[in-house]
Amino acid sequence: EAEVAQSPRYKITEKSQAVAFWCDPISGHATLYWYRQILGQGPELLVQFQDESVVDDSQLPKDRFSAERLKGVDSTLKIQPAELGDSAMYLCASSRTGYNSPLHFGNGTRLTVT
Amino acid sequence: DQQVKQNSPSLSVQEGRISILNCDYTNSMFDYFLWYKKYPAEGPTFLISISSIKDKNEDGRFTVFLNKSAKHLSLHIVPSQPGDSAVYFCAASALGDDKIIFGKGTRLHILP
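Residue numbers (this note's numbering), protein chains in the order written: chain A, 254 to 367; chain B, 4 to 115.
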């Protein structure tokens, strides 16, 4: 079964450093999502892409976070500079176009900022 | 403001018995509901969904019930198995919107 690929699985960085996460969605899935999950909470949407276009980035802290999906396939999420409060699991998900399509998640990147 | 609420952080159930996980929502525009299961160090996995035109959907040991008037849904697992021990997230989306909102999750422990 096709999977959403994410790397790295774990990342430790010092505050004020830059960090980047990569996601490759399931082939044919036009919609891509980045979620952040803090321990004990549910996943919270950061940004949603439809092909290469941003559909929703209302919850993305744009002063330090950026996301791109240049060719409408894989995607990168960047944080610069990282802050202690950014420590969390960053999850990428993809789905077919159209609502009522379940999200398929990758295994995430666990970020620890020291 | 939490639009999807899972008020029980954890639940313990004896193996072989029924597990019932509950979820409440506040947004009356939600019309599609999903349950995800998450093991440690893995991403959430889609389990089962239900549209607001139905009040029940069943898939093997898993059944989701929707009570629209009460804005409440529940996931029933019968019989519960050790591999069901995980965190379960309730999620919802609104008509015409493919953004999915998640609850905080309920950790289910299946006791031997």
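Since the hints were made in silico from the structure, they are not lab data. A virtual CB, placed ideally from N, CA and C, is assigned to each residue, including glycine. One or more of the hints may lead you astray.
Claimed, not checked - Mimicking SDA-like on lysine to any residue, the simulated pairs with C-alpha atoms at most 25 Å apart in a straight line are:
1) K102(B) with E267(A)
2) K107(B) with L299(A)
3) K102(B) with I265(A)
4) K71(B) with F318(A)
5) K102(B) with K268(A)
6) K59(B) with P115(B)
7) K74(B) with P43(B)
8) K102(B) with P355(A)
9) K102(B) with Q270(A)
10) K102(B) with T367(A)
11) K71(B) with D27(B)
12) K57(B) with K315(A)
13) K74(B) with N353(A)
14) K315(A) with K102(B)
15) K331(A) with K57(B)
16) K102(B) with S269(A)
17) K324(A) with D100(B)
18) K324(A) with S280(A)
19) K59(B) with Q9(B)
20) K102(B) with F318(A)
21) K57(B) with G86(B)
What the hints assert, rightly or not - Ranges between beta-carbon positions, derived for each pair:
22) P82(B) with S260(A): 17 to 25 Å
23) K331(A) with D62(B): 34 to 42 Å
24) N60(B) with R262(A): 27 to 35 Å
25) S11(B) with A258(A): 17 to 25 Å
26) L337(A) with L98(B): 24 to 32 Å
27) P82(B) with T350(A): 18 to 26 Å
28) R317(A) with D62(B): 40 to 48 Å
29) L292(A) with T48(B): 32 to 40 Å
30) S311(A) with P85(B): 36 to 44 Å
31) L14(B) with E305(A): 23 to 31 Å
32) S311(A) with K74(B): 39 to 47 Å
33) S306(A) with I21(B): 39 to 47 Å
34) L337(A) with D62(B): 14 to 22 Å
35) I21(B) with T367(A): 41 to 49 Å
Quick rundown of the hints versus the structure:
The straight-line distance between the Cα atoms of K102(B) and E267(A) is roughly 32 Å, outside the 25 Å bound, and the hint therefore fails. Restraint check for K107(B) and L299(A): satisfied, since their Cα atoms lie roughly 16 Å apart, inside the 25 Å limit. Between K102(B) and I265(A) the CA atoms are separated by roughly 30 Å; this puts the pair beyond 25 Å, and the hint is violated. Restraint check for K71(B) and F318(A): the C-alpha separation of about 38 Å exceeds 25 Å, so the hint is violated.
For a cut-off of 25 Å, the pair hint linking K102(B) to K268(A) is broken: about 31 Å separates their Cα positions. Only pairs whose Cα atoms come within 25 Å are accepted, and K59(B) paired with P115(B) is rejected, the gap being roughly 29 Å. Under the criterion of a C-alpha separation no larger than 25 Å, the hint pairing K74(B) with P43(B) is inconsistent with the structure, at around 29 Å. A threshold of 25 Å between alpha carbons decides the hint, and for K102(B) with P355(A) the separation of about 10 Å falls inside it, so the pair holds.
Proposed proximity of K102(B) and Q270(A) is contradicted: the alpha carbons are some 31 Å apart, above 25 Å. Distance restraint check for K102(B) and T367(A): the Cα-Cα separation of roughly 32 Å exceeds the 25 Å cut-off, and the hinted pair is therefore not satisfied. For the proposed pair K71(B) and D27(B), the alpha carbon gap of about 10 Å is at most 25 Å, so the pair holds. Of the supplied pair hints, the one linking K57(B) and K315(A) is violated, its CA atoms being roughly 40 Å apart against a limit of 25 Å.
Simply put, K74(B) and N353(A) have alpha-carbon atoms about 19 Å apart, close enough for the 25 Å limit, and the pair holds. Distance restraint check for K315(A) and K102(B): the Cα-Cα separation of roughly 19 Å lies within the 25 Å cut-off, and the hinted pair is therefore satisfied. Distance check on the hinted pair: K331(A) and K57(B) sit about 41 Å apart at the alpha-carbon level, beyond 25 Å; violated. Between the alpha carbons of K102(B) and S269(A) the distance comes to roughly 31 Å, so the proposed pair goes past 25 Å and is violated.
The suggested pairing of K324(A) with D100(B) holds, with an alpha-carbon distance near 24 Å, which does not exceed 25 Å. Restraint check for K324(A) and S280(A): satisfied, since their Cα atoms lie roughly 13 Å apart, inside the 25 Å limit. Under the criterion of a C-alpha separation no larger than 25 Å, the hint pairing K59(B) with Q9(B) is consistent with the structure, at around 19 Å. Simply put, K102(B) and F318(A) have alpha-carbon atoms about 20 Å apart, close enough for the 25 Å limit, and the pair holds.
Taking the CA atoms of K57(B) and G86(B), the gap is near 28 Å; set against the 25 Å cutoff, the hint is violated. P82(B) and S260(A) have their C-beta atoms about 38 Å apart, which leaves the hinted 17 to 25 Å range violated. Between K331(A) and D62(B) the CB atoms are about 38 Å apart, so this pair conforms to the stated range of 34 to 42 Å. Separation of N60(B) from R262(A) is about 33 Å and conforms to the stated range, judged on CB atoms against 27 to 35 Å.
One distance hint, 17 to 25 Å for the beta-carbon pair S11(B) and A258(A), is violated here, with the actual separation near 33 Å. Range check, L337(A) to L98(B): about 39 Å between beta-carbon atoms, so the 24 to 32 Å window is missed. Hint check: P82(B) to T350(A), Cβ distance near 38 Å, so the stated range 18 to 26 Å is violated. For R317(A) paired with D62(B), a C-beta distance near 41 Å keeps the hint of 40 to 48 Å intact.
Between L292(A) and T48(B) the beta carbons are some 19 Å apart, a value that contradicts the proposed interval 32 to 40 Å. Taken as a hint, the range 36 to 44 Å holds for the pair S311(A) and P85(B), whose Cβ atoms sit roughly 41 Å apart. For the pair L14(B) and E305(A), the beta carbons lie near 42 Å from each other, so the given range of 23 to 31 Å is not met. The given range of 39 to 47 Å is broken by S311(A) and K74(B), whose C-beta atoms sit roughly 24 Å from each other.
With their beta carbons about 45 Å apart, S306(A) and I21(B) fall inside the hinted range of 39 to 47 Å. A beta carbon spacing of about 42 Å between L337(A) and D62(B) contradicts the range 14 to 22 Å that was offered as a hint. Between I21(B) and T367(A), the C-beta spacing of about 44 Å keeps the proposed range 41 to 49 Å intact.
In summary, the numbered hints that this structure violates are 1, 3, 4, 5, 6, 7, 9, 10, 12, 15, 16, 21, 22, 25, 26, 27, 29, 31, 32 and 34.
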